[in-house]
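If you want the building blocks of each chain, they are given just below.
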Amino acid sequence: MRKPAFHRADERRFLDERGSSGPLAPNGLNPATIMEKAVRERIVDSYFYKEQCFGVNEADIVDRVVEHVDFIGGVTGTVQKPTPFLCLAFKLLQLAPGDDVVDEYLRHGGDRFKYLRALAVFYVRLTRPDRDVYARLEPFLEDRRKLRRKGKSGTSLTYMDEFVDDLLTKDRVCSTSLWKMRRRDILEDLEILEPRVSPLGTLEDLLEEEEEEEAMQNGDDANGQGHDGDSDSVRSVSRSRSETRPRSRSKSRSRSGSERERSNHDRMDVDEPGTQRSRGGRSP
Amino acid sequence: MPPHNRMTANPVKPARYRAGKAAGPASESEASGSEEDDEPQKKAPPRRAPPPRFTSASGPGRVISRGDGAKINLQGVAVADARDEEARRQAARVARLEAEKKAKEEGFVTEEEDEGGESDEEGSEEESEEEDESEEEEEAPRRLMMRPKFIPKSQRQASGSGTATAGLTSETNPSEEDAAAAEEARLKAADALIEEQIKKDLAARAAGKKHWESDDGGSDKEVDDTDDIDPEAEYAAWKLRELKRLRREREAIEVKEKELAEIERRRNLTEEERQAEDEEHLAKQREEKESRGKLAYMQKYFHKGAFYHDESKAAGLDKRDLVGAKFADDVNRELLPKALQLRDQTKVGKKGATKYRDLKSEDTGQWGRLDDGRPKREFDRNVDERFQPDDRRRDWDKGGDSGAKGANAIPLGDRRDKPREEDRDRYRRNDREEGKSRDRSRDRYRDDGHDSYRRRDSSRDRRRSRSPRHDRDDRDDRRKRSLSRDRDGDRYESDKRRRVEAR
Numbered sequence: 001m002r003k004p005a006f007h008r009a010d011e012r013r014f015l016d017e018r019g020s021s022g023p024l025a026p027n028g029l030n031p032a033t034i035m036e037k038a039v040r041e042r043i044v045d046s047y048f049y050k051e052q053c054f055g056v057n058e059a060d061i062v063d064r065v066v067e068h069v070d071f072i073g074g075v076t077g078t079v080q081k082p083t084p085f086l087c088l089a090f091k092l093l094q095l096a097p098g099d100d101v102v103d104e105y106l107r108h109g110g111d112r113f114k115y116l117r118a119l120a121v122f123y124v125r126l127t128r129p130d131r132d133v134y135a136r137l138e139p140f141l142e143d144r145r146k147l148r149r150k151g152k153s154g155t156s157l158t159y160m161d162e163f164v165d166d167l168l169t170k171d172r173v174c175s176t177s178l179w180k181m182r183r184r185d186i187l188e189d190l191e192i193l194e195p196r197v198s199p200l201g202t203l204e205d206l207l208e209e210e211e212e213e214e215a216m217q218n219g220d221d222a223n224g225q226g227h228d229g230d231s232d233s234v235r236s237v238s239r240s241r242s243e244t245r246p247r248s249r250s251k252s253r254s255r256s257g258s259e260r261e262r263s264n265h266d267r268m269d270v271d272e273p274g275t276q277r278s279r280g281g282r283s284p
Numbered sequence: 001m002p003p004h005n006r007m008t009a010n011p012v013k014p015a016r017y018r019a020g021k022a023a024g025p026a027s028e029s030e031a032s033g034s035e036e037d038d039e040p041q042k043k044a045p046p047r048r049a050p051p052p053r054f055t056s057a058s059g060p061g062r063v064i065s066r067g068d069g070a071k072i073n074l075q076g077v078a079v080a081d082a083r084d085e086e087a088r089r090q091a092a093r094v095a096r097l098e099a100e101k102k103a104k105e106e107g108f109v110t111e112e113e114d115e116g117g118e119s120d121e122e123g124s125e126e127e128s129e130e131e132d133e134s135e136e137e138e139e140a141p142r143r144l145m146m147r148p149k150f151i152p153k154s155q156r157q158a159s160g161s162g163t164a165t166a167g168l169t170s171e172t173n174p175s176e177e178d179a180a181a182a183e184e185a186r187l188k189a190a191d192a193l194i195e196e197q198i199k200k201d202l203a204a205r206a207a208g209k210k211h212w213e214s215d216d217g218g219s220d221k222e223v224d225d226t227d228d229i230d231p232e233a234e235y236a237a238w239k240l241r242e243l244k245r246l247r248r249e250r251e252a253i254e255v256k257e258k259e260l261a262e263i264e265r266r267r268n269l270t271e272e273e274r275q276a277e278d279e280e281h282l283a284k285q286r287e288e289k290e291s292r293g294k295l296a297y298m299q300k301y302f303h304k305g306a307f308y309h310d311e312s313k314a315a316g317l318d319k320r321d322l323v324g325a326k327f328a329d330d331v332n333r334e335l336l337p338k339a340l341q342l343r344d345q346t347k348v349g350k351k352g353a354t355k356y357r358d359l360k361s362e363d364t365g366q367w368g369r370l371d372d373g374r375p376k377r378e379f380d381r382n383v384d385e386r387f388q389p390d391d392r393r394r395d396w397d398k399g400g401d402s403g404a405k406g407a408n409a410i411p412l413g414d415r416r417d418k419p420r421e422e423d424r425d426r427y428r429r430n431d432r433e434e435g436k437s438r439d440r441s442r443d444r445y446r447d448d449g450h451d452s453y454r455r456r457d458s459s460r461d462r463r464r465s466r467s468p469r470h471d472r473d474d475r476d477d478r479r480k481r482s483l484s485r486d487r488d489g490d491r492y493e494s495d496k497r498r499r500v501e502a503r
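Taken in order, these protein sequences are the chains called A and B.
Residue numbers for the first sequence follow UniProt numbering, beginning at 1 and rising by one.
Residue numbers for the second sequence follow UniProt numbering, beginning at 1 and rising by one.
This is chain A alone, in the form it adopts within the complex (with noise of 0.2 Å):
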């Protein structure tokens, strides 16, 4: 299974060679099987991948992203009209771009384009392993630019995190099943994967955060022991694993211990993380 010297401009080799010949993504699924058949020939009938799609490389199809791409989406409508996007998502497949091509796709033009970080997303998403899926995706969870989607039930409006969601939880994306990929915390129980900060915090930290607003608001002359009540129940909660609180919304340890110190580091919305607790005295 070599990989061919040149790219043919036409899907048909690709196509043909999907049996047993054809170099496998680094998934180790046929690239020209990740689509399903009738999708596929959907695709390849279409007068956009027909025209556009036709003996394009890697650049072009930044050209095609920019030129032609509006809207993210499967196939659309009664006869089942393949999106341009699902098209170049085809050629992708075809094309089969390298790690690099990939990430600069998903970086430096994906701040440019977001349609052709979309692209990329989906592309990384059909074929790569599922440990470099999580690992480049999720910093893409924090990405909130507004993406149009058609679906079958018309037209709508998303985001690019809930794009990325989608494609991590959902079984179906744009027409096309998406390879069953293990779980996060299946990975992270076999070390594979660290578990994931979200840039917000941990819930508790963020409860906590309200909680202590809440205090300094209402207790002005318990000022003390307002801070007592918080910090303490925030050090009882760091002890034991599986603790919960008495309150409306009982929570359970996260896995490691040592998260929330980490976490506290990255608050976007703190300053310094120290700062709140010392006004009551008491140091972190």
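Please note that the accuracy of each hint is not assured.
[To be verified] Estimated spans, in silico, between C-beta atoms of each pair:
1. B:315 with A:180: 48 to 56 Å
2. A:13 with B:301: 23 to 31 Å
3. A:45 with B:224: 25 to 33 Å
4. A:207 with B:345: 21 to 29 Å
5. B:234 with A:216: 27 to 35 Å
6. A:152 with B:185: 45 to 53 Å
7. B:304 with A:152: 20 to 28 Å
8. A:214 with B:257: 52 to 60 Å
9. A:152 with B:309: 55 to 63 Å
10. B:234 with A:180: 26 to 34 Å
Hints are computed from structural coordinates only; laboratory data are not their basis.
Cβ atoms here follow ideal geometry from the backbone N, Cα and C, with glycine treated the same way.
Dock chain B against chain A, hints included.
Chain B alone, transformed into the frame defined by chain A:
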């Protein structure tokens, strides 16, 4: 009234170009124009190219050509006032001119045209018009052959004017001028339509829309994907989404931990406690099952399905009890007459309705019924032993649950002391034979043919049975002849069938 050239519901397509025929969108746009004033002019004739009309029934050879080659476009001409005799006559004249024009090309006036002209006078206008129109279309391929009439040069009109107005103004007739004006208006409307279409195409092309894109580009405007309109709001929305995702993950972790805790707990319980818990659980299940309603008479059983459990749980519908549900119009079907007690109410009174009511009433089995419905023989146990039935054993077999029924109800015979000599030999022989025959069975099968194979096989099987009664070999080989012998002879050796009959 939809435009009807013909009496179909198909949309009217613009007329094709036919060489030599006066082309005109006028007829179509006329029709659309007349749709507005539908009601009052319902009876008004649809404005079409008027049929050739002849006021007088003249022979087929009547000359109706203009003779000077002027094109007379009469497509738009229609009679304004249907009841006006003048108008009709004038229309007839117009029709004549039309026919002349057609005659000039080629062809002959057919009888039908004449007829059409005649019937026009008689019948109502629109019917005949429709007839004529349909005829007109049929006539197009037909040839109009008329004898050309010579018109001297002084009376010839200018031949170059192909416009309707020029042709019609030659007639200097007021109603025709009106018609001409109306036709112009229609032409203009058609042109406007075409222009509009062209403009739309140009606009689309200018906007860079590709031909592979469908026409619902408007949806792009509905959903706006420009960013940074309101950064604060967007950040807040994103934060909300992120928090929801975090919570979802947290809940998944919790569920798993709870399950692990539960497993731990159960392991730590002792055996009795486990059993107690299981019992509790089962009791609860049983109670739930019983507290559910029973199916009413002929109630349809609704299976809740295997697939959408999660969705229905999310909608809070998983605990509902459809069986015991009551609704307002619930009528007890037992009270209905039999004819209305149908499962499928749409078939009431129809021929193919199935008479099936419910399983219980259609069932013919004897589930749980212990007697055959035969009248039970009452025996008095207190009489003397001599007057009691011989086989008392039968009764106490049947006392509790009855034993076998039917063919199995034959009592077991006593064991015979020793099997008959022949039988014993045969058994021994068979045992030896079977080993050999199995090897040679294939050969035998091939050689002897079907019958011998079967016979050998069946007799071998039957000979296996050790029970002395079932000597099927006898029956098989000497069936017809063995009747009397077996009956008189050993009772226990004749086959079952005979035994039952004897009883």
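Against the structure, the hints:
In this structure, residue 315 of chain B and residue 180 of chain A break the distance hint of 48 to 56 Å, their C-beta atoms being roughly 27 Å apart. For the pair residue 13 of chain A and residue 301 of chain B, the beta carbons lie near 57 Å from each other, so the given range of 23 to 31 Å is not met. Against the hinted window of 25 to 33 Å, the Cβ-Cβ separation of residue 45 of chain A and residue 224 of chain B comes to about 32 Å, which satisfies the hint. Residue 207 of chain A and residue 345 of chain B have their C-beta atoms about 58 Å apart, which leaves the hinted 21 to 29 Å range violated.
Distance hint check: the CB atoms of residue 234 of chain B and residue 216 of chain A are about 28 Å apart, consistent with the given range 27 to 35 Å. The given range of 45 to 53 Å is respected by residue 152 of chain A and residue 185 of chain B, whose C-beta atoms sit roughly 46 Å from each other. For the hinted restraint 20 to 28 Å between residue 304 of chain B and residue 152 of chain A, the CB-CB distance of approximately 26 Å keeps it satisfied. The given range of 52 to 60 Å is broken by residue 214 of chain A and residue 257 of chain B, whose C-beta atoms sit roughly 28 Å from each other.
Our hint of 55 to 63 Å for residue 152 of chain A and residue 309 of chain B is violated, since their Cβ atoms are close to 23 Å apart. Checked against the hint of 26 to 34 Å, the pair residue 234 of chain B and residue 180 of chain A passes, with Cβ atoms roughly 33 Å apart.
Of the hints listed earlier, those the structure fails to meet are numbers 1, 2, 4, 8 and 9, in rising order.
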